[in-house]
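Residue-level listing of the chains:
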Amino acid sequence: MHQGAILRIIGLLLMLFSIALLPPILINLAYGEDAGQAFLFSYVLLLCAGFVLWLPVRRIDSDLRLRDGFMIVVMFWTVLGLAGALPFLFYEPLKIQPADAVFESVSGLTTTGATVLIGLDDLPHSILLYRQELQWLGGMGIIVLAVAVMPMLGVGGMQLYRAEAPGPVKDAKLTPRIAETAKALWYIYLGLTLACCIAYWLGGMTLFDAIAHSFSTIAIGGFSTHDASLGYYESAAIETIAIVFMFLGGVNFALHFASWRSLSLWHYVRDAELKMYAAVLLFVSALSLAFLHLNRISPDLETAVRHGIFHAVSIGTTAGFVTTDYSAWPAFVSVMLLFASFVGGCAGSTGGGLKVIRVLLLFKQGQRELLRLIHPSAQVVVKLGRQPVSDSVIDAVWGFFAAYVACFVIIMLLLMMDGLDQITAFSAVAATMNNLGPGLGEVSANYAALDDFSKWTLCFSMLLGRLEIFTLLVMFMPAFWRK
Amino acid sequence: MHILILGAGQVGSTVAANLASEANDITLIDNRPNVLDELRDRLDIRTVVGQASHPDVLASAGLGDADMLIAVTNSDETNMVACQVAHTLFHTPTKIARVRSPEYLAYQNLFSGDAFPVDVLISPEQIISQYVQRLIEYPGALQVLDFANGRAQLVGVKAYYGGPLVGHEIRTLHDHMPGTDARVAAIYRRGHAIIPEGNRVIEADDEVFFIAARKDIRKVMSELRKLDKPFHRIMLAGGGNIGKRLAEALEQKYQVKVLERNPSRARMLSQQLNKCIVLLGDSADEDLLLEENIDQMDVFCAITNDDEANILSSMLAKRLGARKVMALINRPAYVDLIENEETIDVAISPQTITIGVLLTHVRRGDVVAVHSLRRGAAEAIEAVAHGDARTSHVVGRSVEEIHLPQGATISAIVRGDEVLMAHHDTRIEADDHLIMFLLDRRRIADVEKLFQVSVTFM
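Sequence order for the protein chains is P and U. Its first residue numbered 976, the first sequence is counted upward by one per residue in the numbering used here. Its first residue numbered 96, the second sequence is counted upward by one per residue in the numbering used here.
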């Protein structure tokens, strides 16, 4: 491992991230609120810390190996999760503990959207914007951004990109050069955010809310500037806009890229993962709205349709916006929605969960085993679309699934050891590991009621989910540290 | 530039590495996923798995908007068909293909406009046999490179005690040989490159690279070492494509023996070659070598496709008394190893040679040739100056007025058939070929830019 090269990049990334603290400072000036000092102080601290890390090793220029990539990504997300908490800590009227501040920051960066803050409507605009910004940066991945804007990450960029990119097949590049790929991803991300922002604005939000919500919608985050989340607006138009853009954010960005390049929708139609993604969301939506309507939980059909579809998409894509207290619904609907979040978004999207493609492959692999029982000597190949999928990918998916379940069980037991009831513990782990946000039971509205141990555990769980388990778990292998 | 490379073999992957570091968009196609995986980790390129000549594979690799196709798969047929597909379906501007079989190469109009639309044909065996032939023509030379269609040549030799110039400053070269113009381009002393300023003293055992008109090469070489006697007896170990070609080219002027291990191949060679003696046997068979008077051989040249066998049999031949031994070595790591040792006189690296030729065609602007000197420490570049004083950065200026990138020097100018050595006040005319040396290959792009004519020149 090249300590010098790793520190150099971490330093650069910290300096890059410190720029994210400037917009809140400006907003603070514009609204004349009292949070400016907290942000200015954090900005200077982060910039200096980055500079100090970078300065002694700035001339080291060795190529990054595979291991360095993992190391940088994990270190960076951890450091950033801690550093991102500074403005919350420094803003005194919030009066929050370090564990809360870190929880909020990690929840933002991992696009989870679970919050410990109560009374969002009364917080300064700068703090609110900063939370949304964290989600937006975490959505496409700040390392992908760094690869796009820093040319010196060239060859090593691939190692970083791979450690951060979601999905089972991590080598797919959109363009021959990694920097171009990263740029393309960010242009699409930026374009979608802009479109979403304009739509929200036209849909009746204030400009500030439109910008803030577009950040967390495209990032499939779920932070809002109101305690009631999107339910605050009671507007069918805004809910529809949110549904459309959450859906788009959960689609593989490589598909957006290919369609944009060839100016045709053909790529969407042909993609097997997208079909499954749409089918799952449709099925869950239909089931929940039918259940809500038939059991007379919603007062009328319109409410049932609005609530059913919105929550199915919001929870199914792992965004986690709500328009009503869905945890108060019968357990069948709320738990089904939680299970839908395990499927999550597509590979290469900003959504969380297992990713649709993995679930699809698991399903097809199960089908293959059944077919083998019937025809013991048949040669059965798992195919996606018309392309055969290599056994190594399927093995990796199985391994991933096993690790996911194992981590889930361990973290859930840890929470129950800390005194949480089963529903709360189960939903909290599901909501954090899938980067969803709101859970059930005690954590349906916010996570403020938990104690520090549970919060730290859930921070780890969110990072596990965002870095897709293996990138983080590999740090715990003794073999990783051997020379 | 967007370039598609077919075949991730030694040449394909080395070219990809060279071009990717010069900020080109490279896509590499091969049918072996594991080879591509390894390359993708190391290089910033895109890779596509599939049969390189199939249109759907080429389309998914983005041939539609590629500027160039380099087909260097193992199969001549795949390369040729890929060029055809690229031409017919994708209208790719430049298509380069490697074709090995002499059976195809014998019919040049196969590759003209109507038939297989290959713009540049690369035949490594041909290039390598030419290279070896040059070395045999100039006994004592370590490397011989052509510029301006062979009008000027760059020769590397080892300086020995007894050479008239050894122990003297470089600037005295002119006094030693009135009427002959030559320029020392680079000196390697104990593995390090030295910038050849006029007051440097040439020491024994230096490797000296100089440039001169073709007719003057021998004269200059005689200044640096006692001139070797011309070669007469040559033994080639290995009768593959290169061996056969070389034997055919050399058998008229020299006594050539070819060693071949495979009985049917040896039989075929003996039928097709006229004056050579074809021997059936192993090149590392000491008894056989002694029996065939290895100690009387002027040159022993090991050119099988097995690096280790080539190295070992050359070492053996040297110990048994061959005057000069050469070995064909594919792996770059071995080449470095061998060139630093004294046992083998010349290591021939097919990659460097083929890639030099290939890159020449890839370069933009009017850069005609780029060759690496031994160990790649410097690049020799030939570029053509086009335009006039208004549109070009070089034409109409004297050598000292040209803004060369750091570490670059202009050594010689070929004007028509004349080879001029560059002096600080030599004025560049339109259509001159400039021969330059560059210590840092990353600056090649700057040199290319220098020779691009501004848009107003049509």
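A few of these clues could be false.
Below, a sample of chain U positions facing chain P; criterion: calculated Cβ distance under 10 Å [claimed, not checked]: (1) Asp120; (2) Asn126; (3) Val130; (4) Thr142; (5) Val215; (6) Asp402.
Rather than coming from a laboratory, the hints here were simulated on the basis of the structure. These numbers come from a predicted model, not from an experiment. Idealized CB from N, CA, C, for every residue including glycine.
Going down the list of hints, with the structure as the test:
Against a cut-off of 10 Å between C-beta atoms, the interface hint on Asp120 (chain U) holds, since the closest Cβ of chain P lies about 4 Å away. With its C-beta approaching chain P no nearer than about 14 Å, Asn126 (chain U) sits outside the 10 Å limit, and its interface hint is violated. The interface hint given for Val130 (chain U) is violated, since its Cβ lies 14 Å from the closest Cβ of chain P, which is over the 10 Å cut-off. Annotation: Thr142 (chain U) was flagged as interfacial toward chain P, and the flag holds, the nearest CB pair being 8 Å apart, inside 10 Å.
A distance limit of 10 Å between C-beta atoms decides the matter here; for Val215 (chain U) the minimum to chain P is near 22 Å, and the interface restraint is violated. Given hint, Asp402 (chain U) at the interface with chain P, is violated; its Cβ is 26 Å from that chain's nearest Cβ, farther than 10 Å.
Comparing the model with each numbered hint stated earlier shows that hints 2, 3, 5, 6 do not hold.
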